[in-house]
Amino acid sequence: MTILTLNRKELEKRIGKITAELEKRITDMGTPIEEVTSSEVSVEVFPNRPDLLSMGNFARAVNQFNGKGKVASFKINKPEKNYDVIIDKSVKAVRPRTVCAIIKRMKFNEEKIREIVDMQEKLHNSLGRKRRKLAIGIYPLDKIALPIRFVGRKPEEIKFQPLESAKEMTGRQILRGHPTGREYAHLLEEADVFPIFIDAEDEILSMPPIINSKKTGRIDDSTKDIFVECSGHNLAYLKKCLNIIVANLSEMGGKVYAMNIRDGKDGNFISPDMSAEELNFDIKDIEKTLGIELKEKDVKSYLARMGINAKSIGGRGVGVSGGRKMVAEIPAYRTDILHWIDLSEEIAIAYGYDNFVPEIPSISTIAYENPVDKMKRTIGNILAGLGLLETSSFHLTTKKNIKKMHYDFNDFIEVEESKTERDVLRMDMLTNLLQIASENSDASYPQKTFEMGRVFSRCENTEGRRVGGRRVGGDGRGNTHYLLPTAECRGERGVGCSETGVLEEERLAICLIDESVNFTELKQVLDYLFKMLDVEYSIEAVENSNYIIGRCGKIIVDGRNVGFIGEIAPRVLKNWKIKMPAVALEIEMGFL
Amino acid sequence: MEEKLVVESLSPMERSVLPKLGGEFLGIEDVLDKTGLDKTTVLRAVGFLENKGLVEVESSKKKVVILGILGINYLKKELPERILLNKLTNNKTIPIGEIKNVCGLNDNEARIALGTLKKKALVDIKQGKLSLNARPDEMASKMIEEIFMEKLPMDFDEIVDLDKLAFENLRGRKDIVEIEEQKTMKVRLTDLGRKIAGMDLDENLLEALTPKILKQNTWKGKKFRRYDLTSPVPRVYGGKRHFVNQAIDYAKSIWLEMGFKEMSGNMVETGFWVFDSLFTAQDHPVREMQDTFYLKGLNGKIPEREKKKVECVLSNVQKAHEGGVDGSKGWQYSWNEEDAKKVLLRTHTTCLSARKLIEIGKTGEFPAKYFAIGKCFRNETVDWSHGFEFNQTEGIVVDENANFRQLLGYLKQFFGKMGYDKLRIRPAYFAYTEPSLEIDVWHPVHKKWLELGGAGMFRPEVTIPMFGKHIPVLAWGPGFDRIITQFFGINDLRELNKNDLNKLRETKFWRSQN
Chain H
1 MTILTLNRKE LEKRIGKITA ELEKRITDMG TPIEEVTSSE VSVEVFPNRP
51 DLLSMGNFAR AVNQFNGKGK VASFKINKPE KNYDVIIDKS VKAVRPRTVC
101 AIIKRMKFNE EKIREIVDMQ EKLHNSLGRK RRKLAIGIYP LDKIALPIRF
151 VGRKPEEIKF QPLESAKEMT GRQILRGHPT GREYAHLLEE ADVFPIFIDA
201 EDEILSMPPI INSKKTGRID DSTKDIFVEC SGHNLAYLKK CLNIIVANLS
251 EMGGKVYAMN IRDGKDGNFI SPDMSAEELN FDIKDIEKTL GIELKEKDVK
301 SYLARMGINA KSIGGRGVGV SGGRKMVAEI PAYRTDILHW IDLSEEIAIA
351 YGYDNFVPEI PSISTIAYEN PVDKMKRTIG NILAGLGLLE TSSFHLTTKK
401 NIKKMHYDFN DFIEVEESKT ERDVLRMDML TNLLQIASEN SDASYPQKTF
451 EMGRVFSRCE NTEGRRVGGR RVGGDGRGNT HYLLPTAECR GERGVGCSET
501 GVLEEERLAI CLIDESVNFT ELKQVLDYLF KMLDVEYSIE AVENSNYIIG
551 RCGKIIVDGR NVGFIGEIAP RVLKNWKIKM PAVALEIEMG FL
Chain X
1 MEEKLVVESL SPMERSVLPK LGGEFLGIED VLDKTGLDKT TVLRAVGFLE
51 NKGLVEVESS KKKVVILGIL GINYLKKELP ERILLNKLTN NKTIPIGEIK
101 NVCGLNDNEA RIALGTLKKK ALVDIKQGKL SLNARPDEMA SKMIEEIFME
151 KLPMDFDEIV DLDKLAFENL RGRKDIVEIE EQKTMKVRLT DLGRKIAGMD
201 LDENLLEALT PKILKQNTWK GKKFRRYDLT SPVPRVYGGK RHFVNQAIDY
251 AKSIWLEMGF KEMSGNMVET GFWVFDSLFT AQDHPVREMQ DTFYLKGLNG
301 KIPEREKKKV ECVLSNVQKA HEGGVDGSKG WQYSWNEEDA KKVLLRTHTT
351 CLSARKLIEI GKTGEFPAKY FAIGKCFRNE TVDWSHGFEF NQTEGIVVDE
401 NANFRQLLGY LKQFFGKMGY DKLRIRPAYF AYTEPSLEID VWHPVHKKWL
451 ELGGAGMFRP EVTIPMFGKH IPVLAWGPGF DRIITQFFGI NDLRELNKND
501 LNKLRETKFW RSQN
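Chains H and X, in that order, give the protein sequences.
Under my numbering, the residues of the first sequence are numbered 1 to 592, in order.
Under my numbering, the residues of the second sequence are numbered 1 to 514, in order.
No wet-lab data here; the hints were simulated from the structure.
The reader is advised that the hints may include incorrect statements.
Quick list of the computed label-pair ranges, beta carbon to beta carbon [stated by the list, open to error]:
no., chain 1, residue 1, chain 2, residue 2, range
1, H, Val357, X, Val233, 32 to 40 Å
2, H, Asp514, X, Pro211, 27 to 35 Å
3, H, Thr5, X, Pro232, 54 to 62 Å
4, H, Asp285, X, Asp291, 31 to 39 Å
Backbone N, C-alpha and C define an ideal beta-carbon position, used for all residues, glycine too.
Construct all of the structure, not just a fragment, from the sequences and the given hints.
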């Protein structure tokens with residue numbers, strides 16, 4: 001989320017007094033107001049509109065939206081002598097592209113310089129993807145000898161005094177020792193040569209995308225004319241970025257001069273190119289998309305409010321059928337119009353979202369509910385009828401929590417760089433209920449809880465790990481057991497683990513905790529549940545050190561082990577600091 | 001007449017207590033004596049009578065000195081010092097070391113017995129031997145401690161003179177006397193109480209209806225005692241489904257009522273279905289590790305690239321990204337298949353819609369309406385309005401004639417039924433929808449608009465790779481949790497998965513909102 005903060009006084013000079021009504025207009029335009037203070041106005045700018053990330057461009061858009069400004073046109077002066085930027089083939093391997101412009105007669109003061117630095121930083125972070133995709137440099141023209149060369153040079157041969165540094169540094173030293181260098185070192189580190197802009201007197205202007213030279217790379221109050229470059233990999237994005245900057249500087253009163261970009265075999269071209277792009281569309285398609293009727297003149301006026309010129313194709317006296325095709329002139333600074341569908345949103349915004357009348361169409365469709373969810377509701381009702389309380393836990397948990405019961409489990413499915421302590425997917429449901437018991441020692445007993453939900457396990461070797469039609473994990477000595485999902489019991493849920501290597505299974509866990517709770521009490525619950533669901537089952541004793549020996553059983557349905565039931569071992573209760581006896585069961589829900 | 005009803009409402013214990021009370025305040029102990037009932041019964045009766053306005057109760061607290069465990073024992077037998085004194089009378093002298101054996105006392109008692117008698121100057125010690133130094137009358141009379149103990153319990157404030165001294169002496173010795181804070185209660189009849197007490201209380205009312213009474217018809221011609229229906233009762237808590245699941249079930253019923261089919265699928269997905277098929281550029285910030293949970297060491301499978309086949313999803317998706325679907329400029333970069341294979345926890349349920357679109361594209365079965373309510377994951381730090389797990393309510397409408405106004409229609413219908421009549425809709429941006437919109441509701445506690453999430457119409461770059469041509473698809477995916485917090489009075493999303501059992505027991509049931 002990018003927040004654009006503008007000087008309120010400067011903005012009001014351009015768009016008029018900020019009133020509640022104007023605030024609403026600005027929000028309706030698609031830039032929601034975040035905050036208005038006596039000195040500043042903050043708006044949110046969506047990532048598709050980097051062209052709004054500066055005072056001049058933003059104010060122009062607001063005025064156009066309010067019908068106060070014309071669609072922008074930009075005068076580009078022809079390159080003067082030596083207005084050349086030569087791209088050397090040595091830079092091709094590291095940063096092959098650049099587009100440039102010269103802007104003259106700028107009137108800078110502290111506020112305007114702040115505006116420009118802010119625009120540069122915002123474009124770096126949004127369109128530039130934190131300088132990975134592109135970086136922008138702005139230089140005082142009077143400190144530079146034209147023409148300019150863009151070359152690649154070995155880092156140790158690059159030597160200049162960067163901004164915010166007291167001494168000269170080499171390319172490598174900047175990456176290691178300069179604060180900005182360290183921040184963006186990952187973008188250059190692995191390159192053999194580093195890119196530099198260098199002037200006709202061999203003075204280094206900058207080392208993109210890291211930093212400018214102190215001598216030639218800082219504009220101040222006295223600067224009138226500037227040289228602007230965007231460098232990176234993707235020419236289309238570089239051009240758009242430069243156009244956005246040029247449009248804004250031009251709004252600030254600058255005169256734009258083109259430069260010749262000499263790119264060797266890749267060809268020469270003149271930059272910037274601020275001519276609009278044409279995009280054909282049919283009013284009928286827009287009408288169909290938005291569900292409103294539009295006249296040609298409405299479309300023109302709506303698009304004009306969005307800063308876009310439009311005219312009909314063919315024009316003269318065309319009939320109803322043929323006169324619906326139009327062409328839009330997309331301003332050179334817009335990055336977000338990829339397809340005619342984008343024009344439909346432009347028109348919708350100008351039409352006003354508030355003005356659309358909601359409608360429910362009369363199409364007939366038959367509803368369908370996922371059977372697993374139906375089953376969950378049934379089970380939930382049965383267990384709630386027995387006085388059990390349903391809980392709801394996170395799918396992510398910690399290794400430590402899982403190991404409190406399954407001390408020998410190690411096949412964790414881990415997420416990368418979690419911002420919380422929870423960094424593995426849960427492998428069972430019982431861990432949740434025991435954690436809840438452990439955190440609720442002050443709640444009155446008995447505590448009878450249940451939870452239904454997904455558990456996760458790896459499945460790259462599903463076949464090999466099946467035990468009697470059921471994958472059962474354990475410590476290999478037969479002392480502990482836990483259920484692992486099988487592909488065949490997945491049923492209706494999910495799309496198969498073969499695509500991700502992770503199997504998901506729906507489970508039910510129940511836990512009863514009280515001073516005098518025992519196996520019988522829980523078996524009664526299981527018995528009732530299965531009776532209500534018409535499921536026949538049997539229990540087979542099993543030695544499982546997670547439960548008290550002699551009080552744990554496998555739950556068998558149709559010859560398959562679908563779960564475990566038993567009195568939780570004191571070791572496990574101690575690990576969880578649970579002070580009461582507990583009985584618990586966990587079953588898969590796939591067979592239900 | 002009213003007094004008659006009051007009489008009929010008196011329980012047997014009230015009936016026993018009431019006549020024993022008078023216009024003057026009476027201590028509760030006295031009431032016990034007079035009625036011969038136990039204290040619990042009397043207190044309950046007084047409580048009920050007070051509720052009915054028949055008695056007036058004055059309660060106060062006081063300190064009372066009572067016998068401790070040892071004290072009760074000593075009072076039954078004898079104090080250690082008395083035992084020692086008696087033995088000395090018989091034996092003349094006892095060696096100090098022999099006291100406990102001769103008297104049958106433990107070390108502590110022997111030491112105290114000796115100390116006490118020395119202090120009272122009733123004994124002499126010569127060459128390690130103890131002998132009596134008391135006059136016969138001193139021997140015969142009771143010690144002040146013995147006198148005091150017999151008087152207990154006593155009000156602390158009423159202990160004076162010798163009793164005070166005895167109390168101080170005994171207090172230092174363990175478990176002989178204790179100070180207890182006692183609530184005292186005095187009770188007297190009110191005017192109404194006096195009237196009722198003067199009436200004939202022997203109404204012969206029936207208490208509980210029993211099978212025996214029913215069988216023998218002994219209820220005929222008799223009255224049952226009237227209950228005090230207003231008195232509070234002990235709380236009970238029922239079992240129930242988790243409140244979020246109750247709300248989800250309700251929200252599902254709304255979509256079902258509108259004829260939507262439910263979608264379901266895995267929470268673990270490849271980037272292809274979560275991002276690429278939804279026209280999210282591979283360098284989009286949402287795909288970075290600080291926003292999305294990627295699973296360590298896993299590489300997924302994505303749809304195969306079928307040579308020559310026009311309908312190959314993979315190629316079409318690639319083409320949409322790189323540019324060239326229906327005249328779209330695309331993202332103008334070179335799309336990397338490997339990026340699409342990364343395995344992650346779904347960041348939105350829209351991946352279910354993407355998969356469903358392929359299916360619908362194959363069957364050609366539309367108009368179609370689908371929904372899902374499911375868990376999604378984002379790598380976030382946790383605060384009151386953010387969590388790393390959250391529920392989303394997803395929906396798509398695939399229809400040749402679907403349009404933006406219908407999108408608003410469905411959303412308005414759903415949110416209206418969820419209890420939000422007024423919501424704000426404003427322009428928004430999502431990579432995969434155009435036009436897009438954002439739905440906000442006002443949060444009354446935090447005093448700010450809350451973004452519930454987005455909606456829009458799938459872009460041609462999404463639909464064409466699935467269908468081969470652009471069919472309008474309405475799509476939405478607002479966050480679900482924030483929709484329901486207001487109903488439950490929750491101001492902090494962390495409460496949703498906290499599982500505080502006390503709170504869960506108290507949390508009200510979800511109710512239909514409209």
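Going down the list of hints, with the structure as the test:
1. The hinted range of 32 to 40 Å is not satisfied by valine 357 (chain H) and valine 233 (chain X), whose Cβ atoms lie roughly 53 Å apart.
2. Aspartate 514 (chain H) and proline 211 (chain X) have their C-beta atoms about 33 Å apart, which keeps the hinted 27 to 35 Å range intact.
3. Against the hinted window of 54 to 62 Å, the Cβ-Cβ separation of threonine 5 (chain H) and proline 232 (chain X) comes to about 57 Å, which satisfies the hint.
4. One distance hint, 31 to 39 Å for the beta-carbon pair aspartate 285 (chain H) and aspartate 291 (chain X), holds here, with the actual separation near 34 Å.
The structure shown violates just one earlier hint, number 1.
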